[in-house]
Structures are given as C-alpha cells and as structure tokens.
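Colleague: These are the residues of each chain, in order.
There are 2 protein chains.
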Amino acid sequence: MRTTIVILALTVATAVRAQSPAANGDANRIVDTILAGSRGYETLAYLTDNIGPRLSGSKGAELAVRWTSKQLRDWGLEVRTEKVMVPHWVRGEERGRLVSHNDQKLVLTALGGSVATPPSGITADVVEVTSYDELAKLGREKLKGKIVFFYHPMDLKLVASGRAFEAYRLAVEFRGNGPSRAAEYGAAAVVIRSVASASLRTPHTGALRYDEKQPKIPGAALTTEDADLVHRLIAKGERVRMQLVLTPRSLPDVESSNVIAEIRGSEHPEQIVLIGGHLDSWDLGTGAIDDGSGVSMVMETLRTLKELGIQPKRTIRGVLFMNEENGLRGGHAYFDAASAREEVQKHVAVIETDAGAAPPVGFTSTLEGKELDAFKKRMTVLGRIVPAMYFESSKHTGADTSPLTDAGVPGFGFVPDPLHYFDFHHTPADTLDKVDPKALAQDTAAIAALAYELAQNGL
Amino acid sequence: MRTTIVILALTVATAVRAQSPAANGDANRIVDTILAGSRGYETLAYLTDNIGPRLSGSKGAELAVRWTSKQLRDWGLEVRTEKVMVPHWVRGEERGRLVSHNDQKLVLTALGGSVATPPSGITADVVEVTSYDELAKLGREKLKGKIVFFYHPMDLKLVASGRAFEAYRLAVEFRGNGPSRAAEYGAAAVVIRSVASASLRTPHTGALRYDEKQPKIPGAALTTEDADLVHRLIAKGERVRMQLVLTPRSLPDVESSNVIAEIRGSEHPEQIVLIGGHLDSWDLGTGAIDDGSGVSMVMETLRTLKELGIQPKRTIRGVLFMNEENGLRGGHAYFDAASAREEVQKHVAVIETDAGAAPPVGFTSTLEGKELDAFKKRMTVLGRIVPAMYFESSKHTGADTSPLTDAGVPGFGFVPDPLHYFDFHHTPADTLDKVDPKALAQDTAAIAALAYELAQNGL
Chain A
-13 MRTTIVILAL TVATAVRAQS PAANGDANRI VDTILAGSRG YETLAYLTDN IGPRLSGSKG
47 AELAVRWTSK QLRDWGLEVR TEKVMVPHWV RGEERGRLVS HNDQKLVLTA LGGSVATPPS
107 GITADVVEVT SYDELAKLGR EKLKGKIVFF YHPMDLKLVA SGRAFEAYRL AVEFRGNGPS
167 RAAEYGAAAV VIRSVASASL RTPHTGALRY DEKQPKIPGA ALTTEDADLV HRLIAKGERV
227 RMQLVLTPRS LPDVESSNVI AEIRGSEHPE QIVLIGGHLD SWDLGTGAID DGSGVSMVME
287 TLRTLKELGI QPKRTIRGVL FMNEENGLRG GHAYFDAASA REEVQKHVAV IETDAGAAPP
347 VGFTSTLEGK ELDAFKKRMT VLGRIVPAMY FESSKHTGAD TSPLTDAGVP GFGFVPDPLH
407 YFDFHHTPAD TLDKVDPKAL AQDTAAIAAL AYELAQNGL
Chain B
-13 MRTTIVILAL TVATAVRAQS PAANGDANRI VDTILAGSRG YETLAYLTDN IGPRLSGSKG
47 AELAVRWTSK QLRDWGLEVR TEKVMVPHWV RGEERGRLVS HNDQKLVLTA LGGSVATPPS
107 GITADVVEVT SYDELAKLGR EKLKGKIVFF YHPMDLKLVA SGRAFEAYRL AVEFRGNGPS
167 RAAEYGAAAV VIRSVASASL RTPHTGALRY DEKQPKIPGA ALTTEDADLV HRLIAKGERV
227 RMQLVLTPRS LPDVESSNVI AEIRGSEHPE QIVLIGGHLD SWDLGTGAID DGSGVSMVME
287 TLRTLKELGI QPKRTIRGVL FMNEENGLRG GHAYFDAASA REEVQKHVAV IETDAGAAPP
347 VGFTSTLEGK ELDAFKKRMT VLGRIVPAMY FESSKHTGAD TSPLTDAGVP GFGFVPDPLH
407 YFDFHHTPAD TLDKVDPKAL AQDTAAIAAL AYELAQNGL
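Those protein sequences? They're chains A and B, same order as listed.
Per our numbering, the very first residue in the first sequence carries number -13; after that it's consecutive.
Per our numbering, the very first residue in the second sequence carries number -13; after that it's consecutive.
Since the hints were derived computationally from the structure, they do not count as laboratory data.
Do not take every clue at face value.
Treat identical chains as interchangeable: a pair holds within one or across any two.
What the hints assert, rightly or not - Mimicking DSS-like on lysine-lysine, the simulated pairs with C-alpha atoms at most 30 Å apart in a straight line are:
#1 K363 / K130
#2 K128 / K199
#3 K130 / K381
#4 K56 / K356
#5 K69 / K381
#6 K202 / K91
#7 K424 / K130
#8 K222 / K381
#9 K363 / K424
#10 K143 / K424
#11 K222 / K332
#12 K91 / K332
#13 K56 / K222
#14 K202 / K424
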C-alpha cells in the first residue's frame, strides 16, 4: 500500500509542475462559479439603467466613478482612483433637412468633438465622394462651401464572415479624418454614412479627429437610410441641398478618474496582470455593450476571486478606464503614472475587454507563433465555457492598454462574437436589453480564467 | 383530318368555357410582364425619396395627390380626384426624461392625434399597468395626476408563427384606447410600449382615439428599450418620475383627395373591381411599406394593363385613398360618393393592399368555405409568382374598403409575409431601403392577377 501511495504522490508532484492541478482546480472553480452564479448582469444593470449614459465630463461619468469605487470597496477589494483630466464635449441640438426635396427631415447625429454650425445652420449643396482621391480630384473649386458627403457603406460581407472589426476600420476612417480632409478644400461641413451593420434609422456617433492645420468644420453621421436616400437622389442626377444645425459645445476639461482595484499577488505582488474596460460611454445610449459589459466583466472577476478567497501568485489589477471614447486620456494617465512608478515593465500582461458581450469566441494577443500556441495549450480551462476559443496574433489588442503594449507589455484583447456589435455600437440602441446574461457570464469566466492563469503561472 | 379538326375545335370551346384559356393567356401575360419589367419600384422611389412623408394635411400628402394623378394621366388612364376633408395634426417637439434617474433621456414619439402637454411638460410619477383591469383596481386615488404606463409587449411568438397582425391587434388596443381609459381615473398622461417586433431605440407612432366623454390627455409611445427600462426600474421597486414634453397641434381640416383611375370594362363597365392602397403615411418615415408599396402596386397594375392594351369585361378601378392612418376619411368619402351614385352594390369585389411589400403569401377574403375554395382554384395563375399562396376567410380585409365590405361587397386583403412588417411600421425606419424590388413586383403581379380574374370572369 505504501509503495502505491509513494508512486501516487510522485505522479501528483509531476503533474503539479506540468499542469498545476491545484491551480487548475482554482481556475475551474473560478469558471464554474461565474457560470453558475455571476452577478455581473446586476452590476451592468445598475451602470446602464440607474446611472445611464457616461460620456466623459458628464454627471453620469462621475456617478459611475463613485458607484463602481464604492461597490468594489464594499466587496472587500483595495480600491483607488487615479486622476484624469477629460474633455467635456456636450451634444446640443442636431437637425438636418433636405431643403431641395420637400424639406424632408434627416436623422443624424453630431460626431463626437464636432464644432457647432452657426445657430441658423449651414445650408449648402451636397457633394458625394467615396474616397480622398475623389476629394482631391474635385478640388477646392467644386468643394468650397459645400457639404461633403462621404459615402462608404460598411462591408457587410466582411461582417458576416466574422471580420466586423476589419469592416469597421475601413469605414471609420472617414468619421475620424473626413472632416479635416474635406476642410482642406474649403468644405463647409461633412456628413458620413453611419458606420453600421444594421439600422432602423439609427445614427451612430463616434469621435472625429481634427487636424490642427485645417479649419475645424462640423461633422455629422447620417443614418444609413438617410445616407442611402441622399446617395440615390444624387445618383438620379438631382441637386441635393441640405440644412445642418449642430450646436455642440466643448467646455473646459473636467477632473475625472480611472478606478483601480486589485487583488495582491501572494508571491510576486509587484508583478501585475491588468484587466481593463472603460467606464465612459457615448451619450446616445447607456453604453451597455460599449463598455458597460467590459466594466462588469472586470468587476465581477475581482468580486469572484475575492469571494472565493483565491489569491494568485501575482497581482490581478482591474482598471476601469475613463475617456476611452473621446480622448483616451485614462489610458494615457494610467501609463504615465505607471511609468513614473517604474511599473510598466512589471506588467506581466494586459487584458482589455471592449468589444461587447456576445458569447466569447476568442482572444487576440500580441504573442506570436509558437509562444502563442504554447500559451493557448495552457488555457484548456476555457473549454468549460465554450467548446473552442481561438487565440490570434494581433499588434492591437485594445485602445486603453495600447500605451502599455506599445511599450512591449504582452497584450490580450477579448473577442466576443462580433457579428452584431456594430448594429448597436455608438447608438441610442446600446442598452441593457442587448446583453444576454448568460453570454455575459461566459465572457466574464473567460476573462477571469485568462487573468488567473497569467497571475498564477506567469507568461 | 377534318374530323380531327372538329374535335379539336370542340375541345377548345369547352376549355374556353371552363378555364377561359384566352383570358388565362392575358392573366399569364400580365403576371409575366410585371415579373419581368415592373416599374413599380421607380414609382415607389419617387413617392418616398422625392416626396417623402405624406401625413394627411401636409405638403407631402398634397404633392402625392398631384404627382400620382399626373403620373396615371401620363400613362393614358382616366383619372379623377375625389374631395376628402382631412384632419391636420402636426407633430411638434417630443421629449421625455427620467427625472428620478439621473435625467436620462427617453426616446419616444407622440401618438397621432394626441393633445399637447403644457409647454413646460408634465412631470409625474409613473404607474405601470398591463391591463384595464389593473387600472380599475388601482382606481382614481392611485392614478390621479400620474403618468400611466401601459406595458404590453407584442407577442413575438405569435409574430414568429406568421400571426403578426394578431399580435399587433392585441397590443395596439392600448395605443388606441389607453389614453381615454386612463383619463377616466384622472391620469395626467399615458405612455405605452411601442407596438414593435424589432427596435434599435425606434419609436412606433399610430393614432389614438379619444373618448369624447373623457378629458383628453397626451399620449406617447416609448421605444421598447425605454419601456423595458422603466419596467425594470419599477420591478426593482424604485420610484420612477418622468417628464414628458409634447407639443403637437390639431389645425383646421384641410381639403385633400382620393385619387381614382380606371380601366373601363369592355362588356360591363358599370361593374367595378376596386384595387386600393393609401396615399397618406405617418410623418416619421417616408411610408415605403405603409403604404407607398400598396400605392405602387395599384398604379403599376393599371399601367401594365394599359400598356398591354388589356381591357377586361368589367371595370378595374384603382383608388389611392387619403387619410387611412388618422381618420379613414378617404375610405368613408369614397363610400359616401359611391352610395350617392347607387354604385356600392355594383362593386364585384374590392382588393386592398396595405400590409407592406414582403414576398406574397396569400389573400384574406370575406368569401367562405366552398365559395372561397372554388375561387382559389380559379387562381392557378398565382403559381407563376410563388409556388403557393393561401386564401383565408376573414371578416376584415382592409380598413379603407371596410365601409364597402361592411355593406356586403366581397373583399380581398393582400398579405405579404408579415414577419418583419412591425419592425418598421409607423416608424422613422419605414423607408425605401426596406422594400425589395423583386418582392414588390411579385406582390404587384399577385394583385394584378386577382383583379384581372375578377374583372374578366366575375366572382
């Protein structure tokens, strides 16, 4: 009997080194606990239903900082806030009409950061282009004083084939840079077709970026329906005149915060595995998928570890970033403070979750080749959540954590099924009902499992 | 040889009586012509893109009367307009906020015909009910001065099983009569959950009907998202206070018109087969599926018959009714004028198309049992369009033609696939892009085939 016992003990010891079954036991326990009884949906419901929209500088954003801090503290976590000065852009009135076509009302929304039109609006002919090349060809003579209309529908075939983020990247170029590119030729304003994979006359906002060398002109997103209407009228050879009234204001910067909570590592507390989402949201919806769900995943991961009394070897630090949407000030503030503390290289890895709350399909990672393959093999615990999740190499694994990954910290980006993400993204329809509690729990379990593995066993 | 020829001639003669192959040849020709080269989508595009919304009393409605009249005349049809005095309700500002929950903006729309709130709005606690019984139980004491919230989601299982109109009928009760039922107990205003089978924060309007014995209070439809938000907050036991600002106006009645065009019957011109849709639309969208597509089907049927030089034995009369949405004044005006001419009973049948432009699935009919079965057998030509279309008995085959069917005229109601109709119905998203040109042509072919059969061979 004794011999047998010794042999068993040796087997276990080997297994501990190779697979870490005790630790794996904890990973399983974390996943199973979250799948069985996640309270993440309650967290998300409070953030979206009770607090609502959380644009940087708004009361909602401030309430979100206060409530999440208190909540994490109530769960027994160490919490601190990190000062971030954020832009304070306030959407005003936003109206459009086709004065050439029976004064039909257009449904549109100002792009984030847009300057205002004069109070009586801008009324001008619309010139449609599909590229910057076309813009250059038309030149100042044909564009001066006009409303430039960038018509670039999102590629729905890409979306359907699982590459929604690629389709987004291709179309969103004109939202970001279109206004300044058109201003270069004297345009009076820019409208784009909403970057959208679905629409019920649904405007999609998002930030523009002014080139400081060009005059700042107003920018707005038409719904896909309104954009297609203008496109059809122009295709018929008709002269289209549009009135645009936008009255946003850029107020002085406001002091706000990242919220940071952590579970200190038992052996290497100075080594950090960061999990992050962003607290701010656009103002049109209540930011359930962008990024209330990410915030909820981070908070629920910490709550679950605390509740289970699991303390991995390295620190798991949850960061709820402020101002991802229109400035990335939180991401930069975090990086600057970490640099000042000489802490950047102490980040074992960063995991960002900012892609909604559909069922999990994988992670992107800055790891490559064999290293990524080897790491993937360590993550068998994910099989408890869904049958298969991919790990795919990518230079970009998240916006808020990009200063860290740019500095060489290994990054992971969480990927829920992206098929419907851009149906809701940056719209009034980004609300709690778009999130399935079961999928949210699966997502949380995936984040928690990855964070735990990295914190317990390193990279 | 001669014998053979005689026998053949006899066979043909028999066939003419039983199946009317020459006539069937025309029916086939009509269907094939429409399927191959319908211009109905162009008609619909002009109505929706160039004219736009067509609420009764608006400039759009008047332009639609003028343009459709001219268009039909240009196609060589006999056209007349029939005077209809219509209500002139103008939507004003419409805003809502949850003053109890961080001033969150609500997305809502005034119900058609609603009275205004005071300019500063109505701010009151929200009381949720799901039925008139609950309203009665709560009584005046608990409802006085409150905003009554009728929470009755559309039954999506019914919608999915092909019974969207039944689901609509069950939910729309509260839109029509809710305000007056709540006013009976002293409510200050009513909000309902939009009667919707899909939403991206999309409000669905539609007419309310005031009971003249009750005080008139304002009524609005929240989007399903906003309604579900209020529902969740109330379910958590929270006090919900809402501010509603609605500034619609009811202006004096306006003179408008039904547009009537016909192809006179070659043998019985006094006998009429009516095909009808409605010219007016709600003001939020451009009325593509409600009911620009019906208008297009009626117009394209007439145009095709004219172009093909086909003149059936009885008259085919196309009627583009005014004011189906908020008064049915056109339907009544047509009936009254027909009564005055002693023409009501000269209607062989009426066919109404006001259910969108999805692919055709069938017709409802006031015919019953064997009579309907026998008629269905005559309509084999429909097999050229889609493999199978049903004929189903129903007392109600259309709103505009209901005065005629109530007077005993046989009715047919056209049914395109209803699955997605209430995704768009009465919303800003009822726009041209929701219509597939091929399905519209199939629909038109079905209407034309039915009208031709009735006009050529009677009922």
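Colleague: How do K69 and K381 come out at 30 Å by Cα distance, when the copy is not named: within, between, both, or neither?
Modeller: within (28 Å within a copy, 69 Å between copies)
Colleague: Is it within a copy, between copies, both, or neither that the alpha carbon of K91 lies no farther than 30 Å from that of K332?
Modeller: Neither: 55 Å inside a chain and 43 Å across chains, both beyond 30 Å.
Colleague: When Cα atoms must be at most 30 Å apart, do K363 and K130 count as within-copy, between-copy, both, or neither?
Modeller: neither (58 Å within a copy, 65 Å between copies)
Colleague: As a check of your reading, is K130 near K381 (CA-CA no more than 30 Å) within one copy, between copies, both or neither?
Modeller: Cα proximity of K130 and K381: none, with 39 Å in one copy and 61 Å across.
Colleague: As a check of your reading, is K424 near K130 (CA-CA no more than 30 Å) within one copy, between copies, both or neither?
Modeller: neither (53 Å within a copy, 41 Å between copies)
Colleague: For K202 and K91, with the copy left unspecified, which applies at a CA distance of at most 30 Å: within, between, both, or neither?
Modeller: both (25 Å within a copy, 29 Å between copies)
Colleague: Evaluate K363 and K424 at a C-alpha cut-off of 30 Å and name the case that applies: within, between, both or neither.
Modeller: This pair counts as within: shortest intra-copy Cα distance 25 Å, inter-copy 51 Å.
Colleague: At 30 Å max between alpha carbons, let me know whether K56 reaches K356 within a copy, between copies, both or neither.
Modeller: neither (42 Å within a copy, 73 Å between copies)
Colleague: Can you tell me if K56 and K222 fall within 30 Å by alpha carbon in one copy, between copies, both or neither?
Modeller: between (59 Å within a copy, 20 Å between copies)
Colleague: Indicate which option fits the pair K128, K199 if close means a Cα-Cα distance not exceeding 30 Å: within, between, both or neither.
Modeller: For K128 and K199, the Cα distance is within 30 Å only inside one copy (21 Å; across copies 62 Å).
Colleague: Between the shortest in-copy and the shortest cross-copy C-alpha distance, which are at most 30 Å for K222 and K332: within, between, both, or neither?
Modeller: neither (61 Å within a copy, 43 Å between copies)
Colleague: First find the shortest C-alpha distance between K202 and K424 inside one copy, then the shortest across copies, and answer within, between, both or neither for a cut-off of 30 Å.
Modeller: neither (45 Å within a copy, 45 Å between copies)
Checked against the numbered hints given earlier, the structure breaks hints 1, 3, 4, 7, 8, 11, 12, 14 and satisfies all the rest.
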